[in-house]
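Using the sequences provided together with the hints, build the complete structure.
The residues making up each chain are set out below.
There are 2 protein chains.
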Amino acid sequence: MNKYSDIIREVDILDEQHAQLLAELFSAFSDPSRLRIISALKDLEMNVGTISEITGLSESATSHQLRGLRQLRLVRTRKEGRQVFYSLDDEHVKVLYDLGLNHILHG
Amino acid sequence: MNKYSDIIREVDILDEQHAQLLAELFSAFSDPSRLRIISALKDLEMNVGTISEITGLSESATSHQLRGLRQLRLVRTRKEGRQVFYSLDDEHVKVLYDLGLNHILHG
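Chains as they are written, first to last, in the working numbering: chain R, 26 to 132; chain V, 26 to 132.
Don't read these hints as lab results, they were simulated from the structure.
A portion of the hints provided could be inaccurate.
Unchecked claim - From chain R, some residues computed to sit far from chain V (all C-beta separations above 12 angstroms):
1. S52
2. S58
3. S83
4. S85
5. H89
6. R92
7. T102
8. R103
9. K104
10. E105
11. G106
12. R107
13. V109
Said to hold, decoys possible - Below, a list of computed lysine-lysine pairs in the DSS-like style, where the Cα atoms sit at most 25 angstroms apart:
14. K119/R to K67/R
15. K119/V to K104/V
16. K119/R to K67/V
17. K119/R to K119/V
18. K104/V to K67/R
19. K67/V to K119/V
20. K67/R to K104/R
21. K67/V to K104/V
22. K119/R to K104/R
By construction, the Cβ of each residue, glycine as well, lies at the ideal position given by its N, Cα and C atoms.
The following block contains the structure:
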């Protein structure tokens with residue numbers, strides 16, 4: 026028992042393993058190019074060519090970022106014949122993006 | 026006009042300046058120690074000593090992280106005599122943290 030025991034009991038402190046996973050998630054959002062890709066995919070699914078065109082990134086840079094985003098389960102893919110379409114993986118991604126944007130615009 | 030014109034008109038793509046600011050915000054959440062501090066401050070305000078004690082970080086590491094969090098407006102301070110208490114700056118911070126945690130636990 027020490028003088029912080031009461032506080033420690035009250036606080037639901039994040040353990041180190043979950044802190045690491047959560048840091049990786051936020052770090053997936055910490056790159057301007059990735060964020061521009063996420064903004065492009067907010068309401069539409071697109072193939073690499075279209076994403077590259079509207080973000081101004083090269084196709085190879087776009088593919089590279091999409092691979093990272095997919096590994097972290099921020100985007101998912103759908104195949105249609107030989108085409109691959111990308112979209113945001115779930116509602117969390119969109120809400121995290123919107124909340125972050127809201128914070129920098131109005132926070 | 027090119028073949029993407031219709032899509033480009035529909036998509037509210039993040040400009041580079043805002044993408045940079047948003048990347049900085051998410052990168053403030055991309056450190057396990059910072060996330061553990063945020064988790065400690067979720068429901069209570071605390072001074073540096075208490076945060077240090079319950080996170081297991083040294084006081085100087087805690088102060089360093091708190092300075093960074095404050096610069097990015099994720100935490101704020103309140104003075105009471107010679108004591109300084111830290112708390113989360115606004116509801117956005119808590120909601121971003123909770124949503125991220127929800128994504129890694131259930132996403």
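Hint-by-hint comparison with the structure:
Non-interface call for S52/R relative to chain V: violated, since the shortest CB-CB distance, roughly 4 angstroms, does not exceed 12 angstroms. With a least CB separation of 8 angstroms from chain V, S58/R falls inside the 12 angstroms interface cut-off, contrary to its annotation. With a minimum CB-CB distance of about 15 angstroms to chain V, S83/R clears the 12 angstroms threshold, and the non-interface call stands. With a least beta-carbon separation of about 18 angstroms from chain V, S85/R lies farther than 12 angstroms from that chain, consistent with its non-interface assignment.
The claim that H89/R is not at the interface with chain V holds, since no C-beta of that chain comes within 12 angstroms of its own (minimum 16 angstroms). At roughly 18 angstroms, the least C-beta separation between R92/R and chain V is larger than 12 angstroms, which holds for a residue marked as non-interface. With a cut of 12 angstroms on Cβ distances, T102/R stays outside the contact zone with chain V, its closest approach being about 17 angstroms. In this structure R103/R is separated from chain V by more than 12 angstroms, as the shortest Cβ-Cβ distance comes to about 17 angstroms.
No Cβ of chain V approaches the Cβ of K104/R within 12 angstroms, the least distance being about 20 angstroms, so the stated non-interface status holds. Non-interface call for E105/R relative to chain V: holds, since the shortest CB-CB distance, roughly 16 angstroms, exceeds 12 angstroms. Once the 12 angstroms rule is applied to beta carbons, G106/R is consistent with being away from chain V; the minimum gap is 19 angstroms. Every CB of chain V is more than 12 angstroms from the CB of R107/R (nearest about 18 angstroms), matching its label as outside the interface.
V109/R, annotated as away from the interface, keeps every beta carbon of chain V farther than 12 angstroms; the closest lies near 17 angstroms. A hinted pair counts as satisfied when its Cα atoms are at most 25 angstroms apart, and K119/R with K67/R qualifies at roughly 6 angstroms. Of the supplied pair hints, the one linking K119/V and K104/V holds, its CA atoms being roughly 22 angstroms apart against a limit of 25 angstroms. As the CA atoms of K119/R and K67/V are separated by approximately 23 angstroms, the hinted pair is consistent with the 25 angstroms bound.
Between K119/R and K119/V, the direct Cα distance comes to roughly 17 angstroms. Compliance with the 25 angstroms bound is thereby established for this hinted pair. Between K104/V and K67/R, the direct Cα distance comes to roughly 42 angstroms. Violation of the 25 angstroms bound is thereby established for this hinted pair. Restraint check for K67/V and K119/V: satisfied, since their Cα atoms lie roughly 6 angstroms apart, inside the 25 angstroms limit. Of the pairs offered as hints, the one joining K67/R and K104/R holds, with about 19 angstroms between alpha carbons and a cut-off of 25 angstroms not exceeded.
The suggested pairing of K67/V with K104/V holds, with an alpha-carbon distance near 19 angstroms, which does not exceed 25 angstroms. Our distance criterion of 25 angstroms between C-alpha atoms is met by K119/R and K104/R, whose separation comes to about 22 angstroms.
Violated hints, listed in ascending order, are 1, 2, 18; each of the other numbered hints is respected by the structure.
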